[in-house]
Amino acid sequence: MADALHLDAVGQKQQHSKAKRIVLEIFAIILMLVVLSPFVIVLFNSAKTFDHITRDPVSPPENWENLRINIEAVMHDPTTDFIGAFKDSAIITALSLVVIVIFSSMAAWVLVRNKSKFSNFTFMLFVAAMVIPFQVVMYPLVYFLKSVGDFLGTRMLGTYHGIIFAYLGFGCSLSIFVFHGFIKSIPLALEESAFIDGCSQPGVFFKIILPLLVPTITTVAILNGIWIWNDYLLPLLVLGGNGEVQTIPLAVTAFAGAYVKQWNLIMTAALLAMVPIVVLFIFAQKYIIRGMVEGAVK
Amino acid sequence: MRKFIATLLVLVLALGLVPTLAEDLNITLFHNKVEIAEPLQAFAKLYSDKTEGVTVNIETLGGGADYSGNLTAKLTAESMPDIFVIEGDGDYKLWQEYVTDLSDEKWNEETTLAYKDPEGKVVGFPVSIEGFGLGYNVELLDKAGVDPATLTTFSALKEAFEKIDGMKGELGLDSVVSMGASVAGGTWWVAGHHNFSIYLGGGLDFEDTTIVDMFNKGEVDEERLADYAKYVQLLFQFSNKEVTTNGTYDDQLAAFVNKKAAFIHQGNWVDPSFAKMNIDFEYDYISHPFNDKQEHTGLYLFAPSFYVLNSKNSPEKIQAAKDFLEFLVFSEEGADYMVNGAGMVPAFANVTLQPSGGFSKALVRANAEGGNHGVFFGKLPPGTGQDVLAPIYDLFAQDASDENLDFFIEDIKGAAKTVSEKQ
Amino acid sequence: MKRSKVWDAIFLAPCIIALIMVVLIPFVQGVSFSLTDWNGVRSEIHYVGFDNYKEMFNSIEFLYSFRITLLYTLINVIMVNIVAFLLALLVTSRVRGKNLYRAAFFVPNLIGGIVLGYTWQFMFNDFFTAIGKSLGIGWMSSSMIANKNLVLLAMSIVNTWQYAGYIMLIFVAGIQSTSQEVMEAATVDGASYIQRVIKILIPMIASSFTISLFLTITNSFKAFDLNVALTNGGPSMRYMGSVVKSSQLLALTIYNKSITSKELAKGQALSVVFFLMLVVFSLLQVYLSKKREVEA
Numbered sequence: 001m002a003d004a005l006h007l008d009a010v011g012q013k014q015q016h017s018k019a020k021r022i023v024l025e026i027f028a029i030i031l032m033l034v035v036l037s038p039f040v041i042v043l044f045n046s047a048k049t050f051d052h053i054t055r056d057p058v059s060p061p062e063n064w065e066n067l068r069i070n071i072e073a074v075m076h077d078p079t080t081d082f083i084g085a086f087k088d089s090a091i092i093t094a095l096s097l098v099v100i101v102i103f104s105s106m107a108a109w110v111l112v113r114n115k116s117k118f119s120n121f122t123f124m125l126f127v128a129a130m131v132i133p134f135q136v137v138m139y140p141l142v143y144f145l146k147s148v149g150d151f152l153g154t155r156m157l158g159t160y161h162g163i164i165f166a167y168l169g170f171g172c173s174l175s176i177f178v179f180h181g182f183i184k185s186i187p188l189a190l191e192e193s194a195f196i197d198g199c200s201q202p203g204v205f206f207k208i209i210l211p212l213l214v215p216t217i218t219t220v221a222i223l224n225g226i227w228i229w230n231d232y233l234l235p236l237l238v239l240g241g242n243g244e245v246q247t248i249p250l251a252v253t254a255f256a257g258a259y260v261k262q263w264n265l266i267m268t269a270a271l272l273a274m275v276p277i278v279v280l281f282i283f284a285q286k287y288i289i290r291g292m293v294e295g296a297v298k
Numbered sequence: 001m002r003k004f005i006a007t008l009l010v011l012v013l014a015l016g017l018v019p020t021l022a023e024d025l026n027i028t029l030f031h032n033k034v035e036i037a038e039p040l041q042a043f044a045k046l047y048s049d050k051t052e053g054v055t056v057n058i059e060t061l062g063g064g065a066d067y068s069g070n071l072t073a074k075l076t077a078e079s080m081p082d083i084f085v086i087e088g089d090g091d092y093k094l095w096q097e098y099v100t101d102l103s104d105e106k107w108n109e110e111t112t113l114a115y116k117d118p119e120g121k122v123v124g125f126p127v128s129i130e131g132f133g134l135g136y137n138v139e140l141l142d143k144a145g146v147d148p149a150t151l152t153t154f155s156a157l158k159e160a161f162e163k164i165d166g167m168k169g170e171l172g173l174d175s176v177v178s179m180g181a182s183v184a185g186g187t188w189w190v191a192g193h194h195n196f197s198i199y200l201g202g203g204l205d206f207e208d209t210t211i212v213d214m215f216n217k218g219e220v221d222e223e224r225l226a227d228y229a230k231y232v233q234l235l236f237q238f239s240n241k242e243v244t245t246n247g248t249y250d251d252q253l254a255a256f257v258n259k260k261a262a263f264i265h266q267g268n269w270v271d272p273s274f275a276k277m278n279i280d281f282e283y284d285y286i287s288h289p290f291n292d293k294q295e296h297t298g299l300y301l302f303a304p305s306f307y308v309l310n311s312k313n314s315p316e317k318i319q320a321a322k323d324f325l326e327f328l329v330f331s332e333e334g335a336d337y338m339v340n341g342a343g344m345v346p347a348f349a350n351v352t353l354q355p356s357g358g359f360s361k362a363l364v365r366a367n368a369e370g371g372n373h374g375v376f377f378g379k380l381p382p383g384t385g386q387d388v389l390a391p392i393y394d395l396f397a398q399d400a401s402d403e404n405l406d407f408f409i410e411d412i413k414g415a416a417k418t419v420s421e422k423q
Numbered sequence: 001m002k003r004s005k006v007w008d009a010i011f012l013a014p015c016i017i018a019l020i021m022v023v024l025i026p027f028v029q030g031v032s033f034s035l036t037d038w039n040g041v042r043s044e045i046h047y048v049g050f051d052n053y054k055e056m057f058n059s060i061e062f063l064y065s066f067r068i069t070l071l072y073t074l075i076n077v078i079m080v081n082i083v084a085f086l087l088a089l090l091v092t093s094r095v096r097g098k099n100l101y102r103a104a105f106f107v108p109n110l111i112g113g114i115v116l117g118y119t120w121q122f123m124f125n126d127f128f129t130a131i132g133k134s135l136g137i138g139w140m141s142s143s144m145i146a147n148k149n150l151v152l153l154a155m156s157i158v159n160t161w162q163y164a165g166y167i168m169l170i171f172v173a174g175i176q177s178t179s180q181e182v183m184e185a186a187t188v189d190g191a192s193y194i195q196r197v198i199k200i201l202i203p204m205i206a207s208s209f210t211i212s213l214f215l216t217i218t219n220s221f222k223a224f225d226l227n228v229a230l231t232n233g234g235p236s237m238r239y240m241g242s243v244v245k246s247s248q249l250l251a252l253t254i255y256n257k258s259i260t261s262k263e264l265a266k267g268q269a270l271s272v273v274f275f276l277m278l279v280v281f282s283l284l285q286v287y288l289s290k291k292r293e294v295e296a
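Residue numbers (the numbering used here), protein chains in the order written: chain P, 1 to 298; chain Z, 1 to 423; chain S, 1 to 296.
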């Protein structure tokens, strides 16, 4: 008897919670639409003429053909080289990531395995440097890089290698920190046996350690990749407003400035800037989400 | 240690291998006039095609965007342009180590508006004559029964504003004046540069810099400032607040072109934009009658910007840039670009083509008649218009009440102090 | 074979050289520039001691900027964390399609502040006002970012929209690492959902809160890109008798001083103070997490 009563209550509860779940799901769907709506608004307004967007920024576009026209207008704009900016952003982000990942993991490995006061101090130095905001160093940095360039006989400013070097400097701290945490958990025995087998130090690192680091590498690459792709102030100062090498955020500002708020074209430029990273996200969602969490929690 | 540096160098050099092949001598002109970006681009292409071994590239920065900041960024990034723009003494002081002596250039015979350094050497090529007054829609004023020729004093203008304001519905207007003073919308320069120049030079002889010199020392002419402040108040009170405080440049022009405002506070540089927006009525200038102490008929004229050549360049590049400027002044294509393409009023006597835009025509006429006033915002230290004056106008425009009028006057006095400390 | 000092040095060199050249030397230079009157372009330069600092603490522009930066940080810490926590509860509940929601809420975080700034400027100035006007809703007909009383809130809304999805992920990670049994046991005890969340879940993921708190603090304290593209500091307002830009946060004030007004040394002094405040936040974070470790 008591049992039957109990079962009945559970049954009711299950029904009750099913209703609750559906309410929750409807709420989640609405919330998702609200969060995503700015993207839709950008898309809609990228497909309007100037006249239409000023008259009516709310309704869907009348003719999607305008999207193509606007994209062409942005791409072939005489004052801002948008295609070039895409290329430059891709080159800068990709090469910076390669450089950051390889050099930071090398440094982190040495700092973990070589237990000395010097290692501790160096590690603390990297960690402490994370606190320094870009604003303090922004002007001295370009000023100093310029003289370094003069000294080495290669331009450090306005060039790929210059900005990549700068990203290594700003990106290595966090990356070393993340790698450091993971490398600590790799058993020393693995590499010791390799050393005994006569493997050289770089050999041990690249053949044994680096493959083990792959999950951490994705984390580091994602954390740095999103930052570098979207970064504005560093490229503005290191590359110059609209010099030969230009990234997407710079192109978008140059465009918004040059067109004195022709919103349909600015929206198109924004859309073009959003598409690559959103597409990448759709394909690598799992890794990106995991990478962002690990980067923060560590 | 040498080994590490060597390793690093190899890496750095390897990354630097992405080549920039340049067969041509590349000359970059970096300017800040969006309005003429396209014709200038076309002219540069024409010149590059015509001149073997030289390519002229144009880089444009938008109105309201921070040109000087961008130029600094370019300097530090070693992409300093070969030809760049200075707008007056403030810029000159900043960039004096980067300007080239142009005293021996042939075009000096054709102009009196070139920029001279304190020793009297010519260093800046006058891009154009620009100017402004209070623009009006000829048809609308006619319909309202207001004769623009009578609007030469503050009282007369105020009366006309009130009259037109009363007929807004009938005339289909949103407001009497289309004005700009927005920090967020990027029209701060309309107020912070041009309107403020009415205080600095209004009603004075063309080269009279008394007021601006005082201002730079932290002093103001109280009576003049009081009159001027009332004039600013009048403009703000009769303008559409949304356009003034939050609108963009486009919004400000659109209000006038779409006949939502009968007057506009803008310079002749808007002519090409007006044409593009299919303006379908006649428009002209009156002066800025900011007081009753005299009859105001003159317009505000100036060479707003000067091309200067980067002196840290190689002699070949400097010569190529000089050749480009000479071609601009003395060729038919150059004259055609300046007058027809860019809709500018050239600062050179040898160019005889007449502009087609309404405001530009008014300037040419005023220039011939004389009795105009100088525009001196360029004599203030860098950033004054954007960082010191603009917020003051932005704030006053939000509520141009009598109470805030006194605040505005105090704020301008405070700005004079700030400016004098920067000297 | 074994590890050699030479190889160790070679492995460390690139990062150390980059850090020294890109961060440490410029940092020392930056601090020393703040003691001069250099404008960043001219070759003239004089030592002026602490004059720039003294002037800064007497500058109403700085005091205002400092005040609203703290206010903005506070608003964001509250808004972002609350929204993120609620989102985290939602996407760890029994709703179907959790991964889809997680991804959707996170997407805004992928877009840079500059692009978002322009997009939202359009939304506030044109989109919302157009809706407000057509529906005849008075308060919605004028732009939030043109109103000096609302502009910080508008910026916070955009920041929350962008950042809450990221902080949500941190809470999700925290919630998933806790054992479900405790929460379920409490259900049997008859505790309501809200009671369970407050009394059991929140204490269990306290370390996630520490992390998100400091991430949101530094993120909003250092805000720059969004500020430039969305409001550029406008509109103006009066503060202690002076005209100030109502939404110009510290990072933008530093930029405008150093680059726009060409008063590099003064901007540099401001940035040093900015740095010291970040040091305080970081030390606080280290202290709190250490304390928690000791307690746990």
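Hints were generated in silico from the structure; no laboratory data involved.
Misleading hints may appear alongside valid ones.
[Said to hold, decoys possible] What follows is a list of derived Cβ distance ranges for each label pair:
hint, chain 1, residue 1, chain 2, residue 2, range
1, S, S32, Z, K293, 47 to 57 Å
2, P, L152, S, G241, 19 to 29 Å
3, P, L152, Z, Q96, 53 to 63 Å
4, P, I22, Z, D280, 57 to 67 Å
[Said to hold, decoys possible] No farther apart than 35 Å at their CA atoms in a straight line, the calculated lysine-lysine pairs in the DSBU-like style are these:
hint, chain 1, residue 1, chain 2, residue 2
5, Z, K217, Z, K45
6, Z, K143, Z, K163
7, P, K115, S, K148
8, S, K199, S, K133
9, P, K184, S, K5
10, S, K222, Z, K168
11, S, K199, Z, K413
12, Z, K158, Z, K217
13, P, K146, S, K222
14, P, K146, Z, K143
15, Z, K361, Z, K116
[Stated by the list, open to error] Heads up, incomplete: computed chain S residues facing chain Z, CB under 10 Å, no partners named:
hint, residue
16, I45
17, S93
18, R94
19, V95
20, R96
21, G97
22, K98
23, G138
24, S142
25, K148
26, P235
27, S261
Quick caveat, the model's predicted, so the values are computed rather than measured.
Here a beta-carbon is modelled for each residue, glycine too, at the ideal position from N, C-alpha and C.
Hint check results:
The hinted window of 47 to 57 Å between S32 (chain S) and K293 (chain Z) holds, with their beta carbons roughly 53 Å apart. Hint check: L152 (chain P) to G241 (chain S), Cβ distance near 52 Å, so the stated range 19 to 29 Å is violated. Between L152 (chain P) and Q96 (chain Z), the C-beta spacing of about 29 Å breaks the proposed range 53 to 63 Å. Distance hint check: the CB atoms of I22 (chain P) and D280 (chain Z) are about 59 Å apart, consistent with the given range 57 to 67 Å.
Distance check on the hinted pair: K217 (chain Z) and K45 (chain Z) sit about 46 Å apart at the alpha-carbon level, beyond 35 Å; violated. This hinted pair checks out: K143 (chain Z) and K163 (chain Z) have alpha carbons roughly 12 Å apart, not beyond 35 Å. Proximity of K115 (chain P) to K148 (chain S) is assessed by CA-CA distance (about 55 Å); at most 35 Å being required, the pair is judged violated. Among the hinted pairs, K199 (chain S) with K133 (chain S) is inconsistent with the structure: their alpha-carbon atoms are about 46 Å apart, more than 35 Å.
Restraint check for K184 (chain P) and K5 (chain S): satisfied, since their Cα atoms lie roughly 20 Å apart, inside the 35 Å limit. With a CA separation close to 47 Å, the supplied pair K222 (chain S) and K168 (chain Z) exceeds the 35 Å bound. For the hint linking K199 (chain S) to K413 (chain Z), the alpha-carbon distance of about 59 Å lies beyond 35 Å, and the restraint is violated. Restraint check for K158 (chain Z) and K217 (chain Z): satisfied, since their Cα atoms lie roughly 33 Å apart, inside the 35 Å limit.
Restraint check for K146 (chain P) and K222 (chain S): the C-alpha separation of about 26 Å stays at or below 35 Å, so the hint holds. Taking the CA atoms of K146 (chain P) and K143 (chain Z), the gap is about 63 Å. The hint is violated against a cut of 35 Å. Note on K361 (chain Z) and K116 (chain Z): the hinted pairing holds, with a Cα-Cα distance of about 27 Å set against a maximum of 35 Å. Restraint check, I45 (chain S) versus chain Z: the minimum CB separation of about 13 Å is more than 10 Å; hint violated.
The interface hint given for S93 (chain S) is broken, as the beta carbon of that residue sits about 41 Å from the closest beta carbon of chain Z, more than 10 Å. Proximity of R94 (chain S) to chain Z is violated relative to the hint, the smallest CB-CB distance being about 45 Å (cut-off 10 Å). The beta carbon of V95 (chain S) comes no nearer than 40 Å to any beta carbon in chain Z, farther than 10 Å, and the hint placing it at the interface is violated. Residue-level restraint check for R96 (chain S) is violated (minimum Cβ-Cβ distance to chain Z is 43 Å; threshold 10 Å).
Nearest Cβ of chain Z to the Cβ of G97 (chain S): about 40 Å, over the 10 Å cut. The hint is violated. A distance limit of 10 Å between C-beta atoms decides the matter here; for K98 (chain S) the minimum to chain Z is near 40 Å, and the interface restraint is violated. At its closest, the beta carbon of G138 (chain S) sits 14 Å from a beta carbon of chain Z; the interface hint therefore is violated under the 10 Å criterion. Because the closest C-beta pair between S142 (chain S) and chain Z is about 7 Å apart, less than 10 Å, the hint holds.
A hinted interface residue such as K148 (chain S) counts as satisfied when its beta carbon comes closer than 10 Å to some beta carbon of chain Z; here the least separation is about 8 Å, so the hint holds. Restraint check, P235 (chain S) versus chain Z: the minimum CB separation of about 6 Å is within 10 Å; hint holds. Hint status for S261 (chain S): holds, given a least beta-carbon distance of 4 Å to chain Z, under 10 Å.
In this structure, the hints that do not hold are numbers 2, 3, 5, 7, 8, 10, 11, 14, 16, 17, 18, 19, 20, 21, 22, 23, in rising order.
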